[in-house]
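Asker: The lines below spell out each chain.
There are 2 protein chains.
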Amino acid sequence: MAGDALSRHGERALVEMLRRLHDPDGRSGIGDDCAVVRQRGGALVATTDITFDGVHYPSDAPARSKGWYAAAVNLSDIAAMGAEPLGLLVAYGFPPETQLRDFRNVARGVEDCAAAHGTRVLGGDTKGFGNLTICATALGVATHGGPLMRSGAKPGDILVLTGKVGRAHEWAATNGRSGLGRMLKVEPRLREGVALARAGATSCVDLSDGLALSIHLLADASQCGMVADFDAVPFFDAVRSEDRAAAASYGGDFELLATVPRDKVAAAIAAVEGVGGVLAVIGEVGGRKVRYISSGRERPLPKEGFEHLRGGCG
Amino acid sequence: MAGDALSRHGERALVEMLRRLHDPDGRSGIGDDCAVVRQRGGALVATTDITFDGVHYPSDAPARSKGWYAAAVNLSDIAAMGAEPLGLLVAYGFPPETQLRDFRNVARGVEDCAAAHGTRVLGGDTKGFGNLTICATALGVATHGGPLMRSGAKPGDILVLTGKVGRAHEWAATNGRSGLGRMLKVEPRLREGVALARAGATSCVDLSDGLALSIHLLADASQCGMVADFDAVPFFDAVRSEDRAAAASYGGDFELLATVPRDKVAAAIAAVEGVGGVLAVIGEVGGRKVRYISSGRERPLPKEGFEHLRGGCG
Numbered sequence: 065m066a067g068d069a070l071s072r073h074g075e076r077a078l079v080e081m082l083r084r085l086h087d088p089d090g091r092s093g094i095g096d097d098c099a100v101v102r103q104r105g106g107a108l109v110a111t112t113d114i115t116f117d118g119v120h121y122p123s124d125a126p127a128r129s130k131g132w133y134a135a136a137v138n139l140s141d142i143a144a145m146g147a148e149p150l151g152l153l154v155a156y157g158f159p160p161e162t163q164l165r166d167f168r169n170v171a172r173g174v175e176d177c178a179a180a181h182g183t184r185v186l187g188g189d190t191k192g193f194g195n196l197t198i199c200a201t202a203l204g205v206a207t208h209g210g211p212l213m214r215s216g217a218k219p220g221d222i223l224v225l226t227g228k229v230g231r232a233h234e235w236a237a238t239n240g241r242s243g244l245g246r247m248l249k250v251e252p253r254l255r256e257g258v259a260l261a262r263a264g265a266t267s268c269v270d271l272s273d274g275l276a277l278s279i280h281l282l283a284d285a286s287q288c289g290m291v292a293d294f295d296a297v298p299f300f301d302a303v304r305s306e307d308r309a310a311a312a313s314y315g316g317d318f319e320l321l322a323t324v325p326r327d328k329v330a331a332a333i334a335a336v337e338g339v340g341g342v343l344a345v346i347g348e349v350g351g352r353k354v355r356y357i358s359s360g361r362e363r364p365l366p367k368e369g370f371e372h373l374r375g376g377c378g
Numbered sequence: 065m066a067g068d069a070l071s072r073h074g075e076r077a078l079v080e081m082l083r084r085l086h087d088p089d090g091r092s093g094i095g096d097d098c099a100v101v102r103q104r105g106g107a108l109v110a111t112t113d114i115t116f117d118g119v120h121y122p123s124d125a126p127a128r129s130k131g132w133y134a135a136a137v138n139l140s141d142i143a144a145m146g147a148e149p150l151g152l153l154v155a156y157g158f159p160p161e162t163q164l165r166d167f168r169n170v171a172r173g174v175e176d177c178a179a180a181h182g183t184r185v186l187g188g189d190t191k192g193f194g195n196l197t198i199c200a201t202a203l204g205v206a207t208h209g210g211p212l213m214r215s216g217a218k219p220g221d222i223l224v225l226t227g228k229v230g231r232a233h234e235w236a237a238t239n240g241r242s243g244l245g246r247m248l249k250v251e252p253r254l255r256e257g258v259a260l261a262r263a264g265a266t267s268c269v270d271l272s273d274g275l276a277l278s279i280h281l282l283a284d285a286s287q288c289g290m291v292a293d294f295d296a297v298p299f300f301d302a303v304r305s306e307d308r309a310a311a312a313s314y315g316g317d318f319e320l321l322a323t324v325p326r327d328k329v330a331a332a333i334a335a336v337e338g339v340g341g342v343l344a345v346i347g348e349v350g351g352r353k354v355r356y357i358s359s360g361r362e363r364p365l366p367k368e369g370f371e372h373l374r375g376g377c378g
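Order-wise, the sequence lines are chains A and B.
Counting in our numbering, the first sequence runs from 65 upward without gaps.
Counting in our numbering, the second sequence runs from 65 upward without gaps.
Read the hints as simulated data drawn from the structure, not as lab findings.
Each hint should be verified, as a subset may be incorrect.
Unchecked claim - Non-contacting residues of chain A with respect to chain B, defined by C-beta distances greater than 12 Å in every case (computed): (1) Ala69; (2) Arg172; (3) Ser313.
What the hints assert, rightly or not - The calculated lysine-lysine pairs, modelled on DSS-like cross-linking and capped at a C-alpha distance of 27 Å, are: (4) A:Lys191 / B:Lys218; (5) A:Lys353 / A:Lys228; (6) A:Lys191 / B:Lys367; (7) B:Lys328 / A:Lys249; (8) B:Lys328 / B:Lys218; (9) B:Lys191 / B:Lys228; (10) A:Lys328 / A:Lys191; (11) B:Lys191 / A:Lys367; (12) B:Lys249 / B:Lys218; (13) A:Lys218 / A:Lys367; (14) A:Lys191 / A:Lys353; (15) B:Lys218 / B:Lys228; (16) A:Lys367 / A:Lys353; (17) B:Lys328 / A:Lys191.
Stated by the list, open to error - Okay, the calculated beta carbon distance ranges per label pair: (18) B:Ala179 / A:Pro298: 43 to 51 Å; (19) A:Val342 / B:Lys367: 22 to 30 Å; (20) B:Arg262 / A:Pro298: 13 to 21 Å; (21) B:Arg165 / A:Arg352: 45 to 53 Å; (22) A:Leu85 / B:Ala331: 38 to 46 Å; (23) B:Leu85 / A:Glu337: 33 to 41 Å.
The beta carbon of each residue, even a glycine, is placed where N, CA and C say it ideally should be.
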């Protein structure tokens, strides 16, 4: 790859370039899970995510799972803002030879996910293109206590997590295919996000780039250190104790990682359990660096995650 | 193409299928220029449009023009609702071998268009993919008199148009290449749209599918007939009188076509001129069918436009 190709930079450097171009004064929150538009009566939040068949999921995944996944990853970003969804827009590129049944099943997957999470598809776009492409946009409105930005964590706050880590690891351990539909059936933690916002959470992010990077994202945005106790993180059964650091650096998990003031942790746990979720205490905010504890030993947490573009990886 | 392929159906049949799936009770306005979310304090409007390099514009177009175009076609849909833009989200698929300079120029084109029209880029997504893909989403808020739906035209209303028709025709007449950047430099008629809404327009659509189809879209949505006087339509100079019907069936124009009550036409013209635009009276609403007049003769207006997917065309 000659010259100054994007593959030499990686997604985060490019996003930083875009942030400087589009948002030099830091008003719009580029780089958070959602953009925020402050309006009378509350904050509108919006996010978009584009997925290409055969790049971000295998082409032979069930059509309905592809649609679900495209909707779910966007709703997960709405959840990370502690917001309630207003609806989805979905733009498709479809190969003209696509069977009508498959087209309908992709759209049904989107509809299934929207309906299961109390929202709906508002509109979209359909174009012909050689590679199935789904670009979904989710809109939401911040509730009481929101929007939860990445930048609000304070020293002394407690780090909490809404569920298990290591879906991709578990999927790999079962040789993939068998669980492909299940792997794509991401459940956005919308009710948990709203519960966390109302309970007074100070920052939040979803785990779409992996647990390790997500901890760094909160720490960097909030300009403070953090320590995560991996012995307290609920991992999937397939993740052996020696694999924890690796599983924490994978994408594929869409739980919420949040910070909550120490005196509100009990209320946050009760609020999340009240909407049918779970909330684990996995660390705290403090110090200068980002560290993790595993088998009782504290180490620096590598800033590794699932980064697009670099090395040609999707 | 075997079986029941999408190429046998065409974009509008697919959109109708999606509308029945996602919006069986007709609440969200799927099929209008934007989706509408009614909120306290006004209506939020949102639209998304996906474009693929080499399909929706030539690959050798200037990078900055590609970005401008992607932003402009979405802002044109906001304009057609008589709304003011709140911002854009832009999701990219970029080949990893893309030069950083080209990436930056695409983003600059988006920024140029947003800034020129008083809005900004709020966020987005960047992924690696073999074919440059730009999926932009525009958000807006309806102003006084809006949102302008396609369905509000009433018999007796006057059909008005904000500018000239036949950009694609003119582009072809100049052998293309020379004017490619200019062809992609679509100017969304945002100020005109707001002026029309405030002046009491009853319906509006942008010309992205061509004048002829746009007239049918208003007529169908409003369940009334219309007659357009092509002798009164301002065409580009390259469009000879015998080419008018053909030019009216091309895409590539992004003017606004609206209906205005007869007693408000003078005020609408003054309002549009007041924001630096032009407004031509080109017909009226009435009768059962959709007709056009050319060289003094009235004929049925063919329902032809620029439809994606059918026949494999992008």
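Asker: Does each hint hold? Answer for all of them.
Answerer: Verification of the hints:
no., hint, verdict
1, Ala69, "5 Å, violated"
2, Arg172, "7 Å, violated"
3, Ser313, "19 Å, holds"
4, A:Lys191 / B:Lys218, "32 Å, violated"
5, A:Lys353 / A:Lys228, "24 Å, holds"
6, A:Lys191 / B:Lys367, "20 Å, holds"
7, B:Lys328 / A:Lys249, "53 Å, violated"
8, B:Lys328 / B:Lys218, "13 Å, holds"
9, B:Lys191 / B:Lys228, "37 Å, violated"
10, A:Lys328 / A:Lys191, "48 Å, violated"
11, B:Lys191 / A:Lys367, "20 Å, holds"
12, B:Lys249 / B:Lys218, "33 Å, violated"
13, A:Lys218 / A:Lys367, "20 Å, holds"
14, A:Lys191 / A:Lys353, "47 Å, violated"
15, B:Lys218 / B:Lys228, "24 Å, holds"
16, A:Lys367 / A:Lys353, "11 Å, holds"
17, B:Lys328 / A:Lys191, "38 Å, violated"
18, B:Ala179 / A:Pro298: 43 to 51 Å, "47 Å, holds"
19, A:Val342 / B:Lys367: 22 to 30 Å, "56 Å, violated"
20, B:Arg262 / A:Pro298: 13 to 21 Å, "56 Å, violated"
21, B:Arg165 / A:Arg352: 45 to 53 Å, "37 Å, violated"
22, A:Leu85 / B:Ala331: 38 to 46 Å, "40 Å, holds"
23, B:Leu85 / A:Glu337: 33 to 41 Å, "35 Å, holds"
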